[in-house]
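K.L.:
Work out the full structure: start from the sequences and follow the hints.
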Amino acid sequence: MKSFTGKTLRWEWREGIIELTLDREPANEIGLAMLGELEKFVSAFGKLVPETSVCIISSARKQGFSAGADLRELYHTAALLSKARRLSGVRNFLKRIHAVMNAIDAAPFVTIAAVHGVCFGGGFELALACDIIVADKMARFAFPELRLGLIPGFGGIPRLKRDLGNAFVRELLLTGRSVNAARAQAVGLVAQLAAEGEAMRIAQATAAQIVKFDAVARAAAKKFIKPVPRAELRREVDLFCKLFTRPAVMAALKKFVEDFGPMPYLP
Amino acid sequence: MRTLEQTTQEVLDLASKHFQVPAGSLAPEDDFFKKLGIDSLQTLEMLSRLENHFGIELPDYEVQGVSDFKTLAERIQSRL
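Note that the protein sequences, when read in sequence, are chains H and Y. Residue numbering for the first sequence follows my numbering, starting at 1 and increasing by one per position. Residue numbering for the second sequence follows my numbering, starting at 1 and increasing by one per position.
Warning: the hint list may mix true and false statements.
With a straight-line cut-off of 25 Å between C-alpha atoms, the simulated DMTMM-like cross-links for lysine to aspartate or glutamate are [stated by the list, open to error]:
#, chain 1, residue 1, chain 2, residue 2
1, Y, LYS35, H, ASP259
2, H, LYS62, Y, GLU5
3, H, LYS62, H, ASP238
4, H, LYS47, H, ASP23
5, H, LYS255, Y, ASP31
6, Y, LYS17, Y, GLU57
7, H, LYS62, Y, ASP39
8, H, LYS47, H, ASP131
9, H, LYS161, Y, GLU57
10, Y, LYS34, H, GLU25
11, H, LYS222, H, ASP163
12, H, LYS254, H, GLU25
13, Y, LYS17, Y, GLU5
14, H, LYS62, Y, ASP13
15, H, LYS255, Y, GLU62
16, H, LYS255, Y, ASP68
17, H, LYS254, H, ASP238
18, H, LYS223, H, GLU51
19, Y, LYS34, H, ASP259
20, H, LYS161, H, GLU171
21, Y, LYS17, H, GLU171
22, H, LYS255, Y, ASP39
23, H, LYS40, H, GLU25
24, Y, LYS34, H, GLU258
25, Y, LYS35, H, GLU198
26, Y, LYS17, H, GLU196
27, H, LYS83, H, ASP131
28, H, LYS254, Y, ASP39
29, Y, LYS70, Y, ASP39
30, H, LYS254, H, ASP131
No lab work stands behind these hints: they were computed from the structure. As the structure is a prediction and not an experimental result, all values here were calculated from the model.
P.N.:
Here it is, written out as structure tokens:
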């Protein structure tokens, strides 16, 4: 399927490059709808891979790349379920999103996240599954999960540890703070910094360079340098599920969901 | 080295320009959420602009509970 337009995202293949655009109001929150369409994207890899060198993932939303998991959907769904069914629901969601992230992480073609604005939580984890992050100078990255009594659950910790020094990961995780694109580039998270609004253009220029190279060598090089940390990813899911069962988490989610003030994305 | 007054004025000028409110209509004691009508995502945007402008990092927890320009400027000043 070389092109697709769904409710939360669309993709278009052209001359060896796929452009996957996230487009769900308000800020590309990743819930069941987007998960389903990401699964559709990944299931199309069989047909896309032979003719694809690069996939650029970007956002059409003004607010940014993605604000992360759809916490409102999570809370409202979980609130109606028994503790046991809540946990199995979460575990099932995580199994599905991990399958998507792992497929993107290990895709034989190169993946570039073109980031602007907020790139938080699950959105940050999607960017981390990509090979290269290009960010405009207004981008901000955060793992705010500790604010909810959780840890990142979509594979963020193992992937960030794979790419960067543990000290930076600890600061991000343990303070829940966001960092700007300049800092992200300084620590090696962001490969290229763009002027405001220019991340996509720079990602496209990078893609145009990558398509020149032999596909077999490129895929082999990527597989060699970027192993998927599967055992650690499974441990992350287990720890997330263990934390999720605590009453403090539902209370924190409730507080976030019911906060109509200006502050919910601030610590 | 900027004085606090200079820093405060630069914060007001930046906010005024970015959120397109008339220059001079913002005062140091104003609540920026109410005066600019912004939400937390827009506040993060303002944080990025302030960090880029002043060449500093300002962790978001530093602005926890801060809602006026003067206090925001003080937080910035302490990192210059």
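K.L.:
All the hints need checking, so say for each whether the structure fits it.
P.N.:
Structure-based check of all given hints:
With a C-alpha separation of about 19 Å, the suggested pairing of LYS35(Y) with ASP259(H) holds against the 25 Å cut-off. Taking the CA atoms of LYS62(H) and GLU5(Y), the gap is near 33 Å; set against the 25 Å cutoff, the hint is violated. A distance of roughly 34 Å separates the Cα atoms of LYS62(H) and ASP238(H); the hinted pair therefore is violated under the 25 Å criterion. Our distance criterion of 25 Å between C-alpha atoms is met by LYS47(H) and ASP23(H), whose separation comes to about 23 Å.
Restraint check: the Cα-Cα separation between LYS255(H) and ASP31(Y) comes to about 23 Å, which is no more than 25 Å; the hinted pair holds. Restraint check for LYS17(Y) and GLU57(Y): satisfied, since their Cα atoms lie roughly 21 Å apart, inside the 25 Å limit. Between LYS62(H) and ASP39(Y), the direct Cα distance comes to roughly 14 Å. Compliance with the 25 Å bound is thereby established for this hinted pair. Proximity of LYS47(H) to ASP131(H) is assessed by CA-CA distance (about 21 Å); at most 25 Å being required, the pair is judged to hold.
Simply put, LYS161(H) and GLU57(Y) have alpha-carbon atoms about 22 Å apart, close enough for the 25 Å limit, and the pair holds. Distance restraint check for LYS34(Y) and GLU25(H): the Cα-Cα separation of roughly 24 Å lies within the 25 Å cut-off, and the hinted pair is therefore satisfied. Taking the CA atoms of LYS222(H) and ASP163(H), the gap is about 13 Å. The hint holds against a cut of 25 Å. Between the alpha carbons of LYS254(H) and GLU25(H) the distance comes to roughly 21 Å, so the proposed pair stays at or under 25 Å and holds.
As the CA atoms of LYS17(Y) and GLU5(Y) are separated by approximately 18 Å, the hinted pair is consistent with the 25 Å bound. Simply put, LYS62(H) and ASP13(Y) have alpha-carbon atoms about 23 Å apart, close enough for the 25 Å limit, and the pair holds. Restraint check for LYS255(H) and GLU62(Y): the C-alpha separation of about 21 Å stays at or below 25 Å, so the hint holds. For a cut-off of 25 Å, the pair hint linking LYS255(H) to ASP68(Y) stands: about 24 Å separates their Cα positions.
Proposed proximity of LYS254(H) and ASP238(H) is supported: the alpha carbons are some 23 Å apart, at most 25 Å. Only pairs whose Cα atoms come within 25 Å are accepted, and LYS223(H) paired with GLU51(H) is accepted, the gap being roughly 18 Å. For a cut-off of 25 Å, the pair hint linking LYS34(Y) to ASP259(H) stands: about 16 Å separates their Cα positions. In summary, the hint linking LYS161(H) to GLU171(H) is supported, as the alpha carbons are separated by about 12 Å, within the 25 Å threshold.
A distance of roughly 32 Å separates the Cα atoms of LYS17(Y) and GLU171(H); the hinted pair therefore is violated under the 25 Å criterion. Between LYS255(H) and ASP39(Y) the CA atoms are separated by roughly 16 Å; this keeps the pair inside 25 Å, and the hint holds. The hinted pair formed by LYS40(H) and GLU25(H) meets the criterion: a straight-line CA distance of about 19 Å does not exceed 25 Å. Using a Cα cut-off of 25 Å, the hinted pair LYS34(Y) and GLU258(H) holds, with the two alpha carbons roughly 19 Å apart.
With a C-alpha separation of about 30 Å, the suggested pair LYS35(Y) and GLU198(H) falls outside the 25 Å cut-off, and the hint is violated. Taken as a hint, the LYS17(Y) and GLU196(H) pair is honoured in the structure, with Cα atoms around 16 Å apart against an allowance of 25 Å. Restraint check for LYS83(H) and ASP131(H): the C-alpha separation of about 37 Å exceeds 25 Å, so the hint is violated. Restraint check: the Cα-Cα separation between LYS254(H) and ASP39(Y) comes to about 19 Å, which is no more than 25 Å; the hinted pair holds.
Note on LYS70(Y) and ASP39(Y): the hinted pairing holds, with a Cα-Cα distance of about 19 Å set against a maximum of 25 Å. With a C-alpha separation of about 35 Å, the suggested pair LYS254(H) and ASP131(H) falls outside the 25 Å cut-off, and the hint is violated.
Violated hints for the displayed structure, listed by number in ascending order: 2, 3, 21, 25, 27 and 30.
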